[in-house]
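There are 2 protein chains.
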Amino acid sequence: MTSTKVNVDLVRERAKCTFDLKELIHFVDGGEEITSERKAFEETVLAIKELKDDIPEDYLSHKERYEIAVRKACILRELRLRHDQNKPLLPERPTYVYNILPATIKDISPFYLHETMFLATIWGLMNDEQKAEWLSKALDMKVIGTYAQTELGHGTFLRGLETTATYDPETEEFILNTPTLTAYKWWPGGLGHTVNHCIILAQLYTQGKCHGIQPFIVQIRDLETHIPLPGVHVGEIGPKMGFQTANNGFLGFKNFRIPRKNMLMKNSEVKKDGTYVSSKSDRLTYGTMVVVRVNIVNDAAMQLSAAAIIAVRYSAVRHQSQLKPNEPEPQILDYVTQQRKLFINIATGHAIRIVGRWLWKTMLGVIQKILEGNLDQLPELHALSCCLKAVCTQDCTAGIEQCRLACGGHGYMNSSNLPLLYSHTTAAMTYEGENTVLLLQTARYLLKTWTQILEGDTKLNPTVLYLLNFAKPTDYRWENTNQGIIKGFQAVAAGKIKTAYDTASKHVSAGKSQEEAWNLASIQLVEASEAHCRVIICEVFSNEIQCASNTLSPNLSKVLQQLVELYLVHWALEKKGDILLYSTISKDDIPALRDRYEELLALIRPNAVGLVDGFDFRDEVLNSTLGAYDGRVYERLMEEALKSPLNAEPVNSSFHKYIKPFMEKAKL
Amino acid sequence: MTSTKVNVDLVRERAKCTFDLKELIHFVDGGEEITSERKAFEETVLAIKELKDDIPEDYLSHKERYEIAVRKACILRELRLRHDQNKPLLPERPTYVYNILPATIKDISPFYLHETMFLATIWGLMNDEQKAEWLSKALDMKVIGTYAQTELGHGTFLRGLETTATYDPETEEFILNTPTLTAYKWWPGGLGHTVNHCIILAQLYTQGKCHGIQPFIVQIRDLETHIPLPGVHVGEIGPKMGFQTANNGFLGFKNFRIPRKNMLMKNSEVKKDGTYVSSKSDRLTYGTMVVVRVNIVNDAAMQLSAAAIIAVRYSAVRHQSQLKPNEPEPQILDYVTQQRKLFINIATGHAIRIVGRWLWKTMLGVIQKILEGNLDQLPELHALSCCLKAVCTQDCTAGIEQCRLACGGHGYMNSSNLPLLYSHTTAAMTYEGENTVLLLQTARYLLKTWTQILEGDTKLNPTVLYLLNFAKPTDYRWENTNQGIIKGFQAVAAGKIKTAYDTASKHVSAGKSQEEAWNLASIQLVEASEAHCRVIICEVFSNEIQCASNTLSPNLSKVLQQLVELYLVHWALEKKGDILLYSTISKDDIPALRDRYEELLALIRPNAVGLVDGFDFRDEVLNSTLGAYDGRVYERLMEEALKSPLNAEPVNSSFHKYIKPFMEKAKL
Ligand SMILES: Cc1cc2nc3c(=O)[nH]c(=O)nc-3n(C[C@H](O)[C@H](O)[C@H](O)COP(=O)(O)OP(=O)(O)OC[C@H]3O[C@@H](n4cnc5c(N)ncnc54)[C@H](O)[C@@H]3O)c2cc1C
Ligand SMILES: Cc1cc2nc3c(=O)[nH]c(=O)nc-3n(C[C@H](O)[C@H](O)[C@H](O)COP(=O)(O)OP(=O)(O)OC[C@H]3O[C@@H](n4cnc5c(N)ncnc54)[C@H](O)[C@@H]3O)c2cc1C
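Sequence order for the protein chains is W and E.
Take the first sequence: its position 470, counting from 1, is numbered 470 in the numbering used here, and each next residue is one higher.
Take the second sequence: its position 171, counting from 1, is numbered 171 in the numbering used here, and each next residue is one higher.
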């Protein structure tokens, strides 16, 4: 059982691969240098014995798991402090550094919110003086914090938050209060028992007036004893679908006082006497939100890639059923239905990673313009990041679940790691903007653009420029090519935006208010937004691979082109109803798409294992009995099972306590 | 916080309801008598203090949870023994009796396999003599068993099982062996540490020949000490996405001997001298499989109904965002996008429950015929139960997840119960026949039927009779009515069966073997099977509600008709691509469908809460902070959180152990 030979099927699959694996790995990482850097980092982290588990955490109690997570988070944080110094901010870096977590803490770190939103908010919303006071303390973990926005009663609707911060000019302090049960902060990661500070969003009251939501930095626990300060009611919110070790917490205040200078004053200010000086523009705060959403897009791509590796390798190792009588059982990877489940997820893993990187670059460009005083592209960037976050998390969640189900019964085992990947990715459909709400935000931008077009304005932002081509009935002819399909998706998006626009207008004409009309058209608005987002993903994926082809070797570039085409044809078939409705495709074109789709599956088949090897996840990061590089699937399943504390005793005490007395009663 | 008043929004919603709630409840249960019986049973069970938890199980370790589950399972089993006596087998009963589990064990009972497959197999596959020996012992729990079919290496492909049972005429015993690692039994519920017997499926060898898979009953633990017998290697397989307390196990044998009479001999026999006498027909064993699949369909419907109750009640209580400036935040149930997420799941809950009951009645009819010696309808029943199990579990899984996501952040809390509902229902997509594999089985039947039709045979079974209308190009006109939509789905199913048939034929003509052609057409075959299944669900749901309308009051029957129409229009829009391709609908008909869909949402809106109240789940069964009858959502969320053992101490030990030293190091 302790052989370390690589499974013969995988050896055979790898021998078939038509491209240079190293080249793909460097392409995925973003360059050879980054690959080396990543590997060195992984090497360092994974050499630390203290980060390994004796007993898999799934067997432990909620409390034990939290305690282990804290221990590991401290080790990792220290390492990061040493590692991250003087490293430039590359679009590739956040993901690969974060990606070490599945190999160590497994679930979410109780410091996760500290490392992301807490630091980002200090960075983005404090004025220089405040930054000087807090930033290095936070970076060095002298204070540990979280970002507390959501309350029991309000997540989506920020203006509805109920926590109050009332300014008292006598003492130059704010008094924080939680006036109702629904005003309790609820959800912030690490808030339960880990952090000693948090950024609190609260309704600011001064000089008898409410000035809306403002951020405050608040110490909630004593730095020496960690005991909650008087006036603070804090604890954890209990078990969830995932995020078991994230220590999400609740928090209430009762006349809790903080100094005036604890309001984050980059955009707005409260003077000593209580005068409120309002912000010039709060649009700058979009910045942080976009960064966070780009990270979510990248994480989702990584998680889907992990699921694809697991499911493809397992499908190469697993043999089941007979294709032909008297022949050996085939690898399940040879069933065309199985290929359909898996290959699109390899393609989607690439597509979304590439889109995430493109979004990051786009954002850097927009930020540069902002620094030059030009805010014109901000609304477009916001609209883009909303729909991309929504659609990418949705696609990746669905893809991971498809990969899990494709592993049959064993995919349901935690040791496959697929259940955890699922529960993390699906959470991202809700946090940082609930997906429907985000799609509606993008829809608002699209409707504005459509109005612009109807008014004859042709100066549109780059990502919506294509809509101009569809403002009037066009006579373009459907073409069964990549570009033809993308054009078809553009026609669908334009058609859906127009339909939604017309529906809303119809309701207004019929006497409804703008807001009611918006609500009545909202199903169509969401669909329009999704269709627009599909255009973006298809275009970016296709263009970026096209560009990369100039420098990649012909063999690799051919395979990547196949993935692009698979992605396009897959979505054309998925959305054939829309394409039939809004583009010039005819019924007779559909069978050709279907044939092409099936051909592509066959073309990709020989490279399937090579392609997932190309995502280059170390076994520790993948953390899956089904997905390890050597394919020792059954050995690992058994090895993991034998770690169960229940298996340490031949007879569990419940037999003598409950079952035996019960059987004896039955005997009478 | 301990008020027991019902939330005002729910009071208002209930006042708006246009039908008699009691009437709906009786309709859902299958009659007033059954409602009373169910309620009495619930009353009895829920009065038992020992079935209540001090600390929610999610906080405990894997081992503790198992031990609690065993304790509760014994109490429940005793109760069932008393309760079930002399009760006739009604199609309604299995579900409502099973339905008490979410209120007691919460997760799956370690006796679950004993109560289902173990008993069913004894019943179905033992001869009379064997039944006399085993049945009452099993019913009285003098022996506790499970059903061990799946192995590490084989689930779907039974013929591939590797466990061997070799007959030794000298001692008149079978010798059981697990020749390889992949031959280990893997998955059987209760096998880990609970059962002392199991039904083992193994390759029978006698007189030097293999006679394929046969069932054996095997004692694996000592009845007094519960210690595994020599030659038995048994344990649990470890944590899963759900089924934490099901105690799924592994099992290997080393030269383990059992008496000859332990082979289940209803269909086949091994004589004393080792002569193998083969079965007349193993088609009779279809029976058990169909019963199990009907139960799965019913369970899935119940679980989706529970999710719909939770999400609809929560959406009535939850207020978020502003529709109009300066107006109070609306109930999220008023967002049309939210209605789209939820109302289809109310309709689907009814549709699938009704289909499950219809399938049960159909099965009883077929069994009656079989007893009269007529096996003609068996293949149809088998094909039906395969695709219905697959499509219903798929729809319910997707629906539950949609309900969960519709609850925003709080839907991710375990205390909403939505994560557990999801993990149970999705498991049913895999066990008792993996869904793709089942759809392909139905496809085989459909292709046979199509061949029959092409050969001019018009004597088809009832559920495929509709295909005759589409054998030749027809000139029926699309109608925007319920019957029109059903006809449209029939056209789609027929079109897809024809396409799949043609594709397979094309590949055969091109020189592929039948089996290769089957595989190459398999994506289309799966889709054909799904389309056929959608026809069945739509027809049965529509017809049964139509019939019921004769006896129901006009008000209730109107609302149920709306649900039927919503179901039909929803799927017509979902499948508009197929309808555009295969039916005579034109592009211009689609907007009418879309308008009708939006109208239906508005029509159902006032009755939404009434409709989910009509599923009549007691709070204990629903077990959800978000879904309780009184709508005290936020109070319950907080009450549950306060039960966390982490919240019992103001400072967790990990602060002093890890965080503080870390902060101090940072200070330097
Ligand atoms: C795992 C996890 C971690 C989290 N971590 C943090 C954290 O660290 N800090 C923090 O502050 N918060 C955190 N949150 C909270 C999170 O940000 C919110 O849950 C999220 O913003 C969604 O808001 P909600 O829960 O209020 O959903 P709701 O808005 O209540 O959504 C419920 C339903 O209402 C619908 N809806 C709401 N408004 C509209 C509208 N205007 N139009 C149409 N439909 C609408 C939604 O589409 C959805 O279907 C976390 C949440 C999760 C799940
Ligand atoms: C929660 C749970 C409880 C269970 N309880 C029990 C129990 O009590 N007793 C017991 O004996 N077993 C039990 N099982 C095992 C279960 O019956 C099997 O997992 C199930 O039959 C699926 O088989 P598999 O795991 O071999 O999947 P596989 O067949 O390996 O499926 C993997 C993939 O291969 C594909 N595939 C396989 N064959 C074909 C084909 N011919 N054509 C096309 N595609 C194919 C599938 O579609 C799937 O995508 C349980 C499983 C679960 C998840």
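It is worth saying that the hints were derived from the structure and are not from the lab.
These figures come from a predicted structure and were not determined experimentally.
One thing to keep in mind: the hints can contain errors.
Note that the list lumps identical chains together, so a pair holds whenever it fits in one copy or between two copies.
With a Cα cut of at most 25 Å, we get these calculated SDA-like pairs of lysine to any residue [what the hints assert, rightly or not]:
no.	residue 1	residue 2
1	498	630
2	657	243
3	657	557
4	512	590
5	575	592
6	665	414
7	587	570
8	49	481
9	341	398
10	261	437
11	131	243
12	587	46
13	643	179
14	209	37
15	472	325
16	575	588
17	575	336
My question is about residue 587 and residue 46: at a cut-off of 25 Å on alpha-carbon distance, are they close within one copy, between copies, both, or neither?
Neither: 55 Å inside a chain and 58 Å across chains, both beyond 25 Å.
Report task. Measure nothing new, just compare the shortest in-copy and cross-copy C-alpha distances for residue 657 and residue 557 to 25 Å and report within, between, both or neither. Result -> For residue 657 and residue 557, neither the intra-copy (65 Å) nor the inter-copy (53 Å) Cα distance is at most 25 Å.
- Message: At most 25 Å between alpha carbons: which applies to residue 131 and residue 243, within, between, both or neither?
- Response: neither (30 Å within a copy, 49 Å between copies)
- prompt: For residue 472 vs residue 325, is the C-alpha pair at or below 25 Å within one copy, between two copies, both, or neither?
  reply: Neither: 59 Å inside a chain and 35 Å across chains, both beyond 25 Å.
Checklist line | Within, between, both or neither: residue 575, residue 588 at alpha-carbon 25 Å | finding: both (16 Å within a copy, 18 Å between copies)
Open item on the list: I want to check one pair: residue 587 and residue 570. Are their C-alpha atoms no more than 25 Å apart within a copy, between two copies, both, or neither?
Closed with: Both. Shortest intra-copy (17 Å) and inter-copy (22 Å) distances satisfy the 25 Å Cα cut-off.
- Indicate which option fits the pair residue 209, residue 37 if close means a Cα-Cα distance not exceeding 25 Å: within, between, both or neither. Neither: 53 Å inside a chain and 60 Å across chains, both beyond 25 Å.
25 Å Cα cut-off: does residue 657 pair with residue 243 within a copy, between copies, both or neither?
Result: close only across copies, 22 Å inter versus 35 Å intra.
Given a CA cutoff of 25 Å, do residue 575 and residue 592 count as a within-copy pair, a between-copy pair, both, or neither?
both (15 Å within a copy, 19 Å between copies)
Status of residue 414 relative to residue 665 across identical chains (alpha carbons, at most 25 Å) | neither (37 Å within a copy, 36 Å between copies)
- Message: At most 25 Å between alpha carbons: which applies to residue 49 and residue 481, within, between, both or neither?
- Response: neither (53 Å within a copy, 67 Å between copies)
Pop the pair residue 498 and residue 630 into one bin, within, between, both or neither, using alpha-carbon distances up to 25 Å.
So residue 498 and residue 630 fail the 25 Å test inside a copy (53 Å) and across (43 Å) alike.
When held up to the earlier numbered hints, the structure conflicts with 1, 3, 6, 8, 10, 11, 12, 14 and 15 and fits the remainder.
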